[in-house]
Amino acid sequence: MGVTIHVENLNAWYGKVQALHDINLKFEPNHATALIGPSGCGKSTFIRCLNRMHETIPEARVKGRVRIGELDAYNGTSATQLRRRVGMVFQKPNPFPSMSIYDNVASGLKLNGVRNRKQLDEVVERSLNASALWDEVKDQLHKQSGAGLSGGQQQRLCIARALAVEPEVLLMDEPCSALDPISTGKIEELIFQLKEQYTIVIVTHNMQQAARVAEFTGFFLLGKVIEFDKTEKIFTNPSNKRTEDYITGRFG
Amino acid sequence: MANQAFPRPQLTGQPVSQKTTVEPKTRPLPLMPSSSGEVADRLFGFAMLTCAVAILGLLVLIVYELVGRSQLSWHAFGWKFFAGRDWNPVEEHFGALPFIYGTLVSSLLALIIAVPLAVGVAVFTTEMCPKWLRGPLSFTTELLAAIPSVIYGLWAIFVLVPLLRQYVQPFLARTLGWTGLFEGPPYGIGMLAAGIILAIMIVPIISSITREVLMVVPQHQREGVLALGATRWEMIRIGVLRNARAGILGGVILGLGRALGETMAVTMVIGNRPEIARSLFAPGYTMASVIANEFSEATGDVYLSALIEIGLALFLVTIVVNALARLMVWSVTRGLPARAHV
Amino acid sequence: MSERSSNSVAQSSLLRISLWRRFTDCFATSVAALTVVLVLLPLGAIFAYLVYRGIGSINWAFLTQTPKPVGEAGGGMANAIGGSVLILGIASLLGVPFGIGAGIYLAEYGRNRFGDIIRFTSDVLNGVPSIVIGIVAYSVVVLRQKHFSAVAGGFALAIMMVPTITRTTEEMLLLVPQSIREAAYGLGVPRWRTTLSITLRTATSGVITGVMLAFARVAGETAPLLFTAFGNQYWNLNVNQSTAALPLQIFTYAISPFDEWHRQAWAGALVLIVLIVGAVAAVRIAVRRGALAGANN
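Protein chains in written order, with the working numbering: chain S, 1 to 252; chain F, 253 to 594; chain U, 595 to 891.
In case anyone wonders, no lab produced these hints; they're calculated from the structure.
In this text, a Cβ means the ideal position worked out from N, Cα and C, and glycines have one as well.
Honestly, I wouldn't trust all of these hints.
Taking CB as the label site, the calculated pair distances span [to be verified]:
1) Gly15(S) <-> Ala299(F): 26 to 32 Å
2) Val305(F) <-> Gly249(S): 53 to 59 Å
3) Leu579(F) <-> Glu136(S): 51 to 57 Å
4) Arg250(S) <-> Arg386(F): 32 to 38 Å
Sequences are here, hints too, so could you generate the full structure?
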């Protein structure tokens with residue numbers, strides 16, 4: 001089941017440049033929340049702060065508090081422990097090129113020391129089913145390299161890989177931006193099913209997508225949250241002028 | 253949760269789930285061990301750091317051993333060691349000047365022969381030759397670099413030296429003998445043979461660095477000059493070579509560094525006689541060769557120490573030369589692959 | 595030429611310059627082509643001679659027997675081939691882990707000032723004359739052990755392998771896209787595990803290329819073995835004994851006055867070059883066949 005994410009006074013920097021200013025947000029469990037905004041507004045940086053991916057970039061810094069369920073992300077939790085509970089899907093599909101489909105999905109468990117073959121088989125099948133890829137690849141699990149799939153399949157493989165470690169939160173950083181419309185549709189459908197079990201945060205530059213998949217939407221601009229509300233409200237009756245300008249396409 | 257603005261592709265119409273803020277206190281992860289890997293991470297980082305520091309350590313070790321073991325000779329002869337022309341193991345009197353002279357002359361000779369050839373090859377492969385020829389050409393020059401020194405030496409003894417003795421040296425003596433550089437009996441073996449074999453050996457180094465540097469010259473520099481109506485050669489001269497000067501010079505110095513320290517091939521053809529002669533036909537001796545020939549049979553402590561001091565001098569010279577070369581090459585090519593990361 | 599120019603004098607002078615310029619252009623191209631020929635000539639000559647002089651002396655006895663005393667025909671270089679394998683084995687065992695480790699450090703942790711210092715040191719170390727490395731191995735190993743040994747030779751060659759392996763490993767790891775590392779981090783895989791099982795594994799063929807190049811470079815080294823492994827006329831696989839090596843044996847035979855030994859030197863050289871060129875070519879083909887093939891998406 002998903003967990004609630006609390007973000008309090010989150011600030012982030014790249015070297016001396018401040019990318020996020022005092023973000024305060026709460027994400028509901030078992031819902032999808034979309035983060036929209038023009039490029040460079042900090043939405044990707046923000047999502048990367050939720051699983052401490054931001055700090056893998058040299059000279060990047062974070063200040064503030066993030067709670068994932070009962071875990072305090074930046075206090076008393078190691079980054080690796082946190083990331084096992086907060087899965088992430090990236091903008092460009094990034095399956096491990098040297099691994100088969102099976103190994104890609106099992107990689108999270110294998111690399112964290114799980115060796116039990118039967119358990120792995122189960123998890124791989126369950127995860128691939130959950131990401132709606134099982135039927136397409138079940139006959140070539142070991143033969144086909146992860147890099148040999150189509151773009152949309154690769155992205156679903158990456159989702160399966162993230163699900164295999166049984167996270168509670170799924171972060172998606174523009175998961176469809178490198179995909180064709182049909183693959184995008186499949187991923188959106190998937191998000192719909194997945195949010196029954198996970199807390200999903202999805203960054204997207206595509207407002208229609210936000211409206212289609214998310215119950216809540218946050219609008220980011222210049223590293224600040226301008227407005228956060230139910231998706232319906234944001235897209236039909238935003239309370240902030242700048243939000244309205246953005247969703248009606250007047251800038252951005 | 254229907255949305256007016258944008259209809260969903262397929263509405264599953266699930267109800268808004270209740271605010272389930274009650275979560276299980278600790279969610280067990282049965283599959284994975286809960287170790288964070290932080291200790292292992294730190295150990296791993298430390299191990300890799302150790303390997304990196306070992307490289308520094310190696311350099312320090314080299315300096316330490318060379319300096320320590322050459323003390324005896326240093327105390328006995330001081331600076332005069334490098335000015336003395338007498339190398340006499342029997343009386344334990346050592347002067348390294350003939351070796352320094354031999355090293356310098358053979359290396360300079362090699363540079364004079366190799367630089368035009370190497371730059372020519374690099375320019376031809378990067379700028380002039382058809383594309384399909386590029387790969388094979390650079391591969392063959394790479395092959396030259398892969399041939400071991402001892403095989404160059406072998407070839408030089410049995411092929412190059414007879415050629416020099418029978419044809420090249422008599423010809424040079426007849427035409428350029430008046431300079432004093434090409435006189436005396438044509439043994440074949442001697443400074444000239446060493447210089448030529450060294451030149452063949454350093455061509456691949458200089459040309460591969462030059463090629464690297466030329467390829468870094470931005471395309472718009474070439475196009476800019478071509479757009480002025482320049483011929484290809486003018487484009488190369490003005491747009492390419494001028495921009496790559498520092499890097500090419502770096503490559504040349506790198507070749508010099510290799511020539512200074514080259515041992516086997518030179519030892520096999522230079523004649524190994526500690527003399528300073530004007531003629532390039534005369535036999536000579538280099539710093540590296542004297543170490544190679546006499547080290548394992550050096551009996552006295554001072555003798556051994558003197559040889560190590562020559563090694564130290566050779567080391568210092570090549571370090572300076574190489575550092576200089578690297579800085580020059582870096583100043584041109586630097587940053588490209590390194591900064592693309594992250 | 596310029597059609598606008600109404601001045602025929604200017605035009606003809608332009609034309610003349612152009613002829614001269616076209617001539618220099620042609621001339622420069624031919625000179626450059628000539629340099630290529632001049633450089634490839636010795637290469638061709640060396641290989642031709644190696645095959646011509648060497649092939650006749652390579653036979654089963656050459657590969658399986660130890661040298662006969664001077665004056666007796668026959669005998670071979672089995673001891674030298676075995677010794678080379680032994681010494682190179684020791685060198686790889688010592689040098690490869692350190693080289694790869696340092697390369698990993700530079701690529702994954704060393705994007706800073708200290709990393710630059712290591713990079714620079716490594717490049718400088720690469721240029722230290724091999725004979726000087728020999729002296730160091732002599733004074734570190736031989737003087738302490740009190741006798742020549744395969745270990746001393748291996749130590750010297752290991753020092754020479756490290757810089758090459760370090761720099762190629764670094765380069766190859768940097769070719770692995772950052773997104774691949776992020777994918778692993780995102781799964782909660784610790785950094786060390788990511789580096790070994792994901793990054794290094796993706797770059798495996800590239801790293802092997804570096805190792806092979808370093809190997810090929812030291813396989814033919816003679817100078818650092820002169821007073822470390824020293825050479826041995828007999829079969830020896832004891833790492834603490836003086837040991838023969840192919841390049842050493844070639845050197846000894848080449849400067850000897852005996853025709854029979856000269857023949858054997860050529861044969862040994864042919865064996866050595868086939869080994870080295872074979873390694874380099876294999877690596878090059880492997881690289882072109884898509885080393886890192888998976889990593890460029």
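Now the hints, each set against the structure:
1. Gly15(S) <-> Ala299(F): 26 to 32 Å: holds (29 Å)
2. Val305(F) <-> Gly249(S): 53 to 59 Å: Since the Cβ atoms of Val305(F) and Gly249(S) sit about 57 Å apart, the hinted range of 53 to 59 Å holds.
3. Leu579(F) <-> Glu136(S): 51 to 57 Å: holds (55 Å)
4. Arg250(S) <-> Arg386(F): 32 to 38 Å: violated (53 Å)
The structure fails hint 4 only (numbered hints given earlier).
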